[in-house]
Every structure is written in C-alpha cells, then in structure tokens.
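Chains as they are written, first to last, in the working numbering: chain B, 1 to 119; chain C, 1 to 102.
Errors might be hidden in some of the hints.
Derived lysine-lysine pairs resembling PhoX-like cross-links, with alpha carbons at most 20 Å apart [what the hints assert, rightly or not]:
#1 Lys-39/C with Lys-52/B
#2 Lys-65/B with Lys-52/B
#3 Lys-100/B with Lys-52/B
#4 Lys-42/C with Lys-43/B
Think of the hints as simulated: they come from the structure by calculation, not from any bench.
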Amino acid sequence: EVQLVESGGGLVQPGGSLRLSCAASGFTLSNYWIHWVRQVPGKGLVWVARIKSDGFSTTYADSVKGRFTISRDNAENTLYLQMNSLRVEDTAVYYCARDKGSSTPLDTWGQGALVTVSS
Amino acid sequence: DIQMTQSPSSLPASVGDSVTITCRASENIFSYLNWYQQKPGKAPRLLIYAASNLESGVPSRFSGGGSNTHFTLTIGGLQPEDFGTYYCQHSYYFGQGTHLEI
C-alpha cells in the first residue's frame, strides 16, 4: 500500500525548532517530488515547500524561506522538514504529499502532524 | 502570485442534488488544475487532476471541466459521504475552499 506517515509534531516555544518526518512505504520517495502543505485548524490549505526527485532542488513559500529546510534520507525512504525560528503563526497541521505529475496533483497525503508554537 | 478564487464559499445541498463548484485563476493556467475533497480531521483526497481527469477510485459522479482561467467541479447525484470541503489547486496555490453541507 502506498502510504506517507508523518511524525515529530508537538508543542514548541516561539523561536524554537522542530523536525517533522515523513516516512514513505509502498513506493520510493526519490522517484517523486514531495510537498509540504499546512493547515491552520478550521482554515484552508497553504503550500509550504517542495523537493524535487533529484533531492537537491527545493522551493519554499516566502513565509518560511530561510527558516525551514527540506531534506531526504534515501536509505530510510524518509523526508524531513526542519523548522527553525518558529513563530506563533506557524501553528498548523503539516502534511507531506506526493506529487504524481505535470499539473502537480498531490495523490498521496500523510495523516498530518500538528505543530503548536506557543509560550 | 496566482490567485485561485472559489465560489461559492458555502453550499447547502440535499442528497440526490447535482452541484457545481467554480474555481477561477487570476491568469491562464491552461489545464493545470486539480480538485480535492477534505473531511474534518482528515487529509485532503485528490479527486480530479489536470482539470478533467478522474483520479483512480473516485466515483464517476465527480467530474471536472474548464480551462485557462475558469474551472468547475460537478458532483452529480450527491451522496451523504460527499459532505466536506472542496479545494482547487494550481501548482503552489490553493483556492480558499467550498464547504459543502448536505
């Protein structure tokens, strides 16, 4: 079964750091572009970042550029989102999602990881 | 940045109805438009990709159309399980969502 499973969410103080993991099963992460999308509970979907299949090309939303970093461990078939200098407004459920093609359709999503930034 | 605008924001409907949700892009996006369904507490689910292609496993009562800047998602013969919020998406940009209330 094709699946993504996030972990690593939690409560962190403003200015702190957190690393989310996105473990893939049933397919090889390095063959796909993978995106992170976040959602404040009760609000809409907001794109955060993506990594291409080459593992090097990354793009970030302006709101997280310079603070968030995507990386990938091919041996573990796992993607990471390192979040530094966290702000209250980064509080959200974070999803990783697989991009299956030319119109950026996200066909497989993780269950989401809640990140709460609060003092 | 491209703006994706959905209408309506909220859509009350009854089982058996046919409903249409509209998504407009602020510039020509050709057919690069996807639709998702999301239920409370769950991840989004891909319904339609590239404007009109039905994702595997999605019931045929869902259909997508349009091109350039104007797109539609139609659900023919609403079922109780179709309630939820629907989003359109182009690349890094999502619409604000349409809440379908059965």
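Each hint tested on the structure:
Proximity of Lys-39/C to Lys-52/B is assessed by CA-CA distance (about 28 Å); at most 20 Å being required, the pair is judged violated. For the proposed pair Lys-65/B and Lys-52/B, the alpha carbon gap of about 17 Å is at most 20 Å, so the pair holds. Between Lys-100/B and Lys-52/B the alpha-carbon distance is near 12 Å, which keeps this suggested pair within the 20 Å criterion. Restraint check for Lys-42/C and Lys-43/B: satisfied, since their Cα atoms lie roughly 13 Å apart, inside the 20 Å limit.
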